[in-house]
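Residue numbers (my numbering), protein chains in the order written: chain A, 3 to 392; chain B, 3 to 392.
Since the hints were made in silico from the structure, they are not lab data.
Bear in mind the structure is a predicted one, so any value in this text is a computation, not a measurement.
Ideal Cβ positions, reconstructed from N, Cα and C, are used throughout, including at glycine.
Worth double-checking, as some hints may not be accurate.
[What the hints assert, rightly or not] So, partial list: chain B residues that the calculated Cβ filter (under 10 Å) puts toward chain A:
1. Arg45
2. Leu122
3. Glu158
4. Leu164
5. Phe173
6. Ile188
7. Leu346
8. Gly347
9. Met359
[Said to hold, decoys possible] Only pairs whose alpha carbons sit at most 27 Å apart, straight line, appear in this in silico BS3-like list of lysine-lysine:
10. A:Lys259 / B:Lys170
11. B:Lys352 / B:Lys259
12. A:Lys26 / A:Lys349
13. B:Lys26 / A:Lys167
14. A:Lys369 / A:Lys329
15. B:Lys259 / A:Lys170
16. B:Lys4 / B:Lys26
17. B:Lys349 / B:Lys26
18. B:Lys167 / A:Lys167
19. B:Lys352 / A:Lys329
20. A:Lys170 / B:Lys329
21. B:Lys119 / A:Lys119
22. B:Lys329 / B:Lys369
23. A:Lys170 / B:Lys352
24. A:Lys170 / B:Lys65
Chain residues, written in single-letter form:
2 protein chains.
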Amino acid sequence: MKVLILGGDGYLGWPTAMHLAARKHEVMVVDNYLRRTLAFQTRSESLLPNPNLEQRADLFEKKTGHKIDVCIGDITDYEFLRTLVADFCPDGLVHYAEQPSAPYSMRGHGEAALTLKNNLMTTLNVVWAVMQERPGCQIVKLGTMGEYGTPNIDIEEGWIDLEHKGRKDRFLFPRQAGSLYHTTKIMDTDLLWFYVRMANLRVTDLMQGPVYGLTTPEAELDNELMPSFHYDDIFGTVINRFLVQAVAGIPLTVYGKGDQVRGYLNLNDTLQCVTLALEEPAQAGDLRIFNQFTETFTVNELAERVVCAAQRLDIQVAISHVSNPRKEAEDHYYNPMRHGLVELGFKPQKLTDEVVMDMLRTIEQYKARIDTCIVQPRVTWGCHRSGELN
Amino acid sequence: MKVLILGGDGYLGWPTAMHLAARKHEVMVVDNYLRRTLAFQTRSESLLPNPNLEQRADLFEKKTGHKIDVCIGDITDYEFLRTLVADFCPDGLVHYAEQPSAPYSMRGHGEAALTLKNNLMTTLNVVWAVMQERPGCQIVKLGTMGEYGTPNIDIEEGWIDLEHKGRKDRFLFPRQAGSLYHTTKIMDTDLLWFYVRMANLRVTDLMQGPVYGLTTPEAELDNELMPSFHYDDIFGTVINRFLVQAVAGIPLTVYGKGDQVRGYLNLNDTLQCVTLALEEPAQAGDLRIFNQFTETFTVNELAERVVCAAQRLDIQVAISHVSNPRKEAEDHYYNPMRHGLVELGFKPQKLTDEVVMDMLRTIEQYKARIDTCIVQPRVTWGCHRSGELN
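The task is simple: from the sequences and hints, build the whole structure.
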């Protein structure tokens with residue numbers, strides 16, 4: 003299968019490219035290094051050395067014999083993407099090309115505008131390029147469990163059947179997110195759902211929870227093949243941040259009470275799910291939505307898991323409850339469903355002590371590269387009066 | 003009250019400005035003439051002569067003694083809007099500054115991108131300018147009944163209480179629109195709902211049905227004060243299009259079966275509703291949503307009403323069922339609620355024969371200006387393969 007991966011430099015994009023190439027798919031990655039630029043601008047660089055895409059593709063080919071094509075460009079430029087789709091003729095397109103940080107999107111007007119414009123325009127362009135040049139190509143889009151927020155009812159998989167005053171209909175499950183970034187993902191779903199109905203597209207929208215981990219079988223071939231791994235408060239997800247804090251001897255920063263529950267998954271589970279979505283495609287005219295996570299935890303539980311596993315490696319770690327920089331419920335009901343991917347064959351990998359210890363050991367090799375100034379919250383949610391700095 | 007009207011050149015914007023100024027509010031209108039430019043580019047000009055805003059404001063002041071301030075600029079330019087809000091210090095802001103045509107948004111990629119970018123960025127900038135410079139200012143935003151689509155259940159006013167598997171919560175009423183333009187209004191609601199929760203904004207989101215009519219008490223003072231009135235297939239709403247077709251002796255173009263139901267209202271009712279929303283403001287932290295329409299009709303009923311009223315003026319009119327250029331249900335359940343504005347005192351004006359005859363008489367004065375080439379559908383919904391022209 004020919005697969006075009008947009009956002010191929012990212013935490014998920016590059017490991018996905020290697021994984022699909024190793025499965026003998028013909029892969030092209032596209033990126034303009036936007037996340038890398040924003041991370042550099044906000045002092046939030048990746049822990050691991052990540053050479054440019056051409057260098058990594060060369061190295062990967064040398065190690066495995068599998069080729070990954072690289073194209074550098076901006077998906078918000080429609081003619082660039084349209085031409086690429088027309089020339090490459092993909093059977094599947096994985097759309098990761100979005101500004102991925104919730105705190106970044108809450109930093110100020112400029113960051114909000116960039117996030118909104120980038121994420122919506124990339125999705126619109128993906129839809130149009132496929133519609134105009136390759137209508138049979140399936141789109142696999144990364145959404146987020148954060149689209150649902152934390153409702154007081156069970157979270158179904160994308161859709162809900164409603165009975166209201168004696169009549170019935172089926173709707174997108176209600177969405178209400180906790181950051182502007184997450185809100186752009188809601189809008190992406192609105193956009194995909196509209197064009198699926200208009201143009202019979204084949205779309206899988208993956209509502210993914212926060213991902214953790216830094217190795218995959220392909221990444222282990224060479225440390226220069228490792229993913230972009232952020233551990234700061236802006237681009238780092240919570241487990242990855244805790245792991246680096248543990249190694250650096252910094253107390254784990256739990257935001258607020260720490261009873262916030264989310265559904266988490268291993269980076270390898272992401273690869274498995276995206277591959278399943280591609281290899282078992284959605285039908286034409288179907289917006290197929292899967293909830294993509296392995297286990298739910300409170301933030302406190304995550305912190306305790308990291309503390310325990312660290313102790314087994316003789317690393318002593320403290321937990322620090324810091325004032326919550328976000329506006330979010332800290333004590334809430336959370337019961338999301340997860341059937342679709344399991345029915346396709348998803349075999350999830352749990353967050354065991356061994357998994358945590360493995361990650362800690364890998365991070366220890368890069369201990370000298372940790373910037374200890376960037377693990378405390380630097381962005382607070384809320385309105386910024388003119389003249390205030392955030 | 004100081005009121006800033008964004009999109010003050012529009013079909014609703016200019017009459018709103020005159021109406022509020024006549025009620026002794028201090029009014030400033032802002033526009034960059036985007037809709038005028040797009041209408042010109044698509045051969046869809048207004049039937050009525052509409053001088054520029056400065057000329058109309060001068061004329062209005064001469065006729066009434068009421069001043070309307072005019073500022074020409076682009077709301078997608080954040081610094082322009084922020085400075086304006088900081089300098090004018092509005093108590094209320096009416097946001098009409100959006101690309102308002104569904105067919106325009108479906109014409110091609112460029113038009114879709116312009117609509118998405120313009121409508122979302124204006125809304126984001128409105129939120130941020132108010133948040134940063136005037137947090138107490140209430141925002142009155144024009145949404146559309148089209149956000150709801152045509153669900154098989156009763157359409158509640160903005161929100162729905164759900165009971166699911168024995169648990170309860172309250173959500174935005176499900177939304178699924180029939181054009182990209184309408185989808186941008188769904189996204190506007192997503193955006194407003196997010197920032198209302200984050201920053202305690204005061205927002206009224208008006209889910210308005212299609213508007214008809216071309217005079218208001220203030221517009222009748224001089225024909226150069228009349229609103230921008232479109233009757234073509236791209237910028238004209240259905241009743242206005244039928245009225246002009248009747249006067250021009252062209253059969254009324256009913257799209258498809260004509261059993262599509264929508265909720266309609268008179269231009270004067272829009273002014274009444276927007277004024278009520280401003281003068282009875284939403285609370286801080288409240289996203290108040292009203293369904294804003296007066297009566298529901300099928301398209302066939304509207305066509306018959308126009309035919310009957312025209313006959314009373316000795317104008318013979320035929321009805322022509324043309325192939326539906328849109329993808330929409332032509333036979334569907336439709337039962338929208340409408341309580342909130344009535345509770346605030348809204349006294350709707352019905353579409354009587356007399357109202358239709360009055361409109362026909364006014365249009366007859368401009369008969370020579372009708373461009374009979376622009377009343378048939380020129381834009382079809384659906385996917386456009388590369389190389390196809392729409």
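Results of checking the hints against the structure:
The criterion of a C-beta within 10 Å of any C-beta in chain A is not met by Arg45 (chain B), whose closest approach is roughly 24 Å, and the hint is violated. This hint holds: Leu122 (chain B) has a C-beta 6 Å from the nearest C-beta of chain A, less than the 10 Å allowed. Hint on Glu158 (chain B) holds. Least Cβ distance to chain A is approximately 8 Å, under the 10 Å limit. Checking Leu164 (chain B) against chain A: minimum C-beta separation of about 6 Å stays under 10 Å; hint holds.
Annotation: Phe173 (chain B) was flagged as interfacial toward chain A, and the flag holds, the nearest CB pair being 4 Å apart, inside 10 Å. Interface restraint check for Ile188 (chain B): the shortest CB-CB distance to chain A comes to about 5 Å, inside 10 Å, so the restraint holds. Against a cut-off of 10 Å between C-beta atoms, the interface hint on Leu346 (chain B) is violated, since the closest Cβ of chain A lies about 24 Å away. With its C-beta approaching chain A no nearer than about 27 Å, Gly347 (chain B) sits outside the 10 Å limit, and its interface hint is violated.
Given hint, Met359 (chain B) at the interface with chain A, is violated; its Cβ is 38 Å from that chain's nearest Cβ, farther than 10 Å. Simply put, Lys259 (chain A) and Lys170 (chain B) have alpha-carbon atoms about 24 Å apart, close enough for the 27 Å limit, and the pair holds. Note on Lys352 (chain B) and Lys259 (chain B): the hinted pairing holds, with a Cα-Cα distance of about 25 Å set against a maximum of 27 Å. For the proposed pair Lys26 (chain A) and Lys349 (chain A), the alpha carbon gap of about 21 Å is at most 27 Å, so the pair holds.
The straight-line distance between the Cα atoms of Lys26 (chain B) and Lys167 (chain A) is roughly 44 Å, outside the 27 Å bound, and the hint therefore fails. Between Lys369 (chain A) and Lys329 (chain A) the alpha-carbon distance is near 32 Å, which puts this suggested pair outside the 27 Å criterion. Between Lys259 (chain B) and Lys170 (chain A) the alpha-carbon distance is near 24 Å, which keeps this suggested pair within the 27 Å criterion. Restraint check for Lys4 (chain B) and Lys26 (chain B): satisfied, since their Cα atoms lie roughly 10 Å apart, inside the 27 Å limit.
Pair hint Lys349 (chain B) plus Lys26 (chain B) holds up; C-alpha atoms about 21 Å apart against a cutoff of 27 Å. For the suggested pair Lys167 (chain B) and Lys167 (chain A), the alpha carbons sit about 17 Å apart, so the restraint of at most 27 Å is met. For the given pair, Lys352 (chain B) sits about 46 Å from Lys329 (chain A) by alpha-carbon distance, which is inconsistent with the 27 Å threshold. In summary, the hint linking Lys170 (chain A) to Lys329 (chain B) is supported, as the alpha carbons are separated by about 22 Å, within the 27 Å threshold.
Taken as a hint, the Lys119 (chain B) and Lys119 (chain A) pair is honoured in the structure, with Cα atoms around 7 Å apart against an allowance of 27 Å. At most 27 Å may separate the alpha-carbon atoms for a hinted pair to count; Lys329 (chain B) and Lys369 (chain B) exceed this at roughly 32 Å. In summary, the hint linking Lys170 (chain A) to Lys352 (chain B) is not supported, as the alpha carbons are separated by about 31 Å, beyond the 27 Å threshold. At roughly 55 Å between alpha-carbon atoms, Lys170 (chain A) and Lys65 (chain B) are farther apart than 27 Å, so this suggested pair is violated.
Hints 1, 7, 8, 9, 13, 14, 19, 22, 23, 24 from the earlier list are contradicted by this structure; the remaining hints agree with it.
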